[in-house]
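Hey, can you work out the whole structure from these sequences and the hints?
There are 2 protein chains.
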Amino acid sequence: MAVTIGVDAMGGDHAPEEIILGVAEALRELPGEDRVALFGVAERMEPIVRQAGIATDRIELIDCPQVIDMHDTPVEALRQKRNSSIVRLASAAGKGNVDAIISAGNTGAFAAACQLRIKPIPGVTRPGIAVVLPTFHGPALVCDVGANVEPKPRHLYEYARMSVLYSKHLLGVDDPKVCLVSIGEEAGKGNQLTKVAADLMKRDKYINFAGNAEGRDIFAGAGNVFITDGFVGNVILKLTEGLAEGLFKTIVREISDESAELARSFEPVVERIWKRHDFAEYGGAPLLGINSVAIICHGRSDRRAIRNAVRVAREELRVNLNAEIERFMDDGLEDSE
Amino acid sequence: MAVTIGVDAMGGDHAPEEIILGVAEALRELPGEDRVALFGVAERMEPIVRQAGIATDRIELIDCPQVIDMHDTPVEALRQKRNSSIVRLASAAGKGNVDAIISAGNTGAFAAACQLRIKPIPGVTRPGIAVVLPTFHGPALVCDVGANVEPKPRHLYEYARMSVLYSKHLLGVDDPKVCLVSIGEEAGKGNQLTKVAADLMKRDKYINFAGNAEGRDIFAGAGNVFITDGFVGNVILKLTEGLAEGLFKTIVREISDESAELARSFEPVVERIWKRHDFAEYGGAPLLGINSVAIICHGRSDRRAIRNAVRVAREELRVNLNAEIERFMDDGLEDSE
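Protein chains in written order, with the working numbering: chain A, 22 to 358; chain B, 22 to 358.
In short, the hints are calculated from the structure, not lab data. No false leads were slipped in.
As a list, the in silico PhoX-like pairs of lysine-lysine whose alpha-carbon atoms are at most 20 Å apart:
1) B:270 <-> A:296
2) B:296 <-> A:270
3) A:270 <-> B:270
Using C-beta positions, here's what the derived DEER-type ranges look like:
4) B:344 <-> A:100: 47 to 57 Å
5) B:292 <-> A:292: 21 to 31 Å
6) B:87 <-> A:196: 39 to 49 Å
7) B:302 <-> A:280: 25 to 35 Å
8) A:280 <-> B:278: 18 to 28 Å
9) B:74 <-> A:195: 57 to 67 Å
10) A:292 <-> B:344: 53 to 63 Å
11) B:223 <-> A:71: 43 to 53 Å
12) A:96 <-> B:96: 37 to 47 Å
13) A:292 <-> B:288: 20 to 30 Å
14) A:274 <-> B:270: 14 to 24 Å
15) A:292 <-> B:352: 48 to 58 Å
16) A:283 <-> B:50: 29 to 39 Å
17) B:193 <-> A:332: 46 to 56 Å
Treat the numbers as computed from the prediction; the structure is a model and nothing was measured. Cβ coordinates follow ideal geometry from the N, Cα and C atoms, glycine included.
Below you can see the structure in the form of structure tokens.
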């Protein structure tokens, strides 16, 4: 079945050039009948689309004269910029005019627009953002990383079920081990939220619950899926980025101080590690639980990240993740508050 | 003024040997009239004390036949093991029999014992654990990292004031910049707790409030002090440890794959970085807000970490941090809920 993937051409540090070049690369890999709809300022998109040599029958430009930038407050931006690529993109997905949407723009605005304009999957009460962290033991899925900063236990429980399905169908993990991020591995440690959520997950027959995980366990391979509230998840995500980047910089500097020759021989090692642990490989963070496919990309996304995001969106459609989620959510999800 | 510092000889992975050897080293640096009281199982401490050649007039052994280990549940342990080094240590501090206490044992039990047996400083409603994170831009103080997993805004506000004083008097930072850990730098982002807490801090004349900080800002030098709730702070602390360790291991492995020679030349670089960013340098985490000096050491503490902890405890007494805290807490702390 042919699909149309909507892409925000105006979002991120390297928009629109890198976004459109990423789309061009992605189109070469997609089935010939698939199309991309580019949302953005038409006159800025046109020359790049031409230059990239994208076949006109595979792309559609949707002119959105307004642009939401990184510094806009999500709520205000959504109200005042109804003709922005982000709002139009979410609306198009909500109406079913596109099958999936991708943006590297203002994360808060994009996530909020999706939640406002796209219905949740039946059985899901709150969508969550999942992100694939490249750990030393393979990819780990962390959910939620910012959609829901004051969740109820029931929301975490839903994240766990949805993440299990994502891990299984998109990351190829057979029987994903699910951990709940907490502050001690012992059951009964944590705060009110995690204590109740742990109880719900433990009793669920679809969740292979491996118990509480501390911050350090995420990178130690304790599980395939880590469930947490959006506040903690966001701190985890940002801290990981900042610390990894800072450590590499420090090492490179220290090595250069040691000897220029040593620094040169270290370069390929750094490149290899970066590549293997690169967020961009996983093509952005899916917003799980809405009745469409939405991929939230990093603001720094380059063409490779966008190409991967399109690939992942296409894959989510192919495996029909949302139908899987709906089917599971319907089956014996225990009720709590 | 001579002081007595109580040390838990039974706490941590390398107890009692490394603890006692650390105490022996510390005593050499302390003023001659200062003493250490070692709390633990007498017959296990005695031979090591003798072997370490510690002068008998500078040490006292307090026999505590029970031992709380890492796997004990804090609440139960405190109830059932009243004759453990941890409980006896906290009681001695509460009664003023020792001036400061140090343990590398069960963190939860030690922190709980301190809060049960030692009065808070007048004006402080909840003590918090502060930890010094060695960042690429110098040490950053993060508070709370686990004493209070469901704090009120008022508690965070108190942590900010206490941390400013600690940063000033113990870390030598002139006018510490205080950040609140949140999920977006813009004011108004975050959850209910951080929004109210940010407001309180912003209006306080003693707090140089630099606004919200995301996870990545902690290692990017955004501030000298980072305030957060105990749940998030604990995740930050553990994640940092796990990620840094994992990254170094990965790099070393990749380099060894590249060439054995390269690996050898990389060794001194690793050592230098480890040393500069080593938790042990800062001698453990102070529990701020109690009417004594308590230093919580990492379970992996070796003699150097213990020596540093004793040094830091002594320094806290010398600058009389608690008197400073009491004086400040009394002055115009705005009330909220």
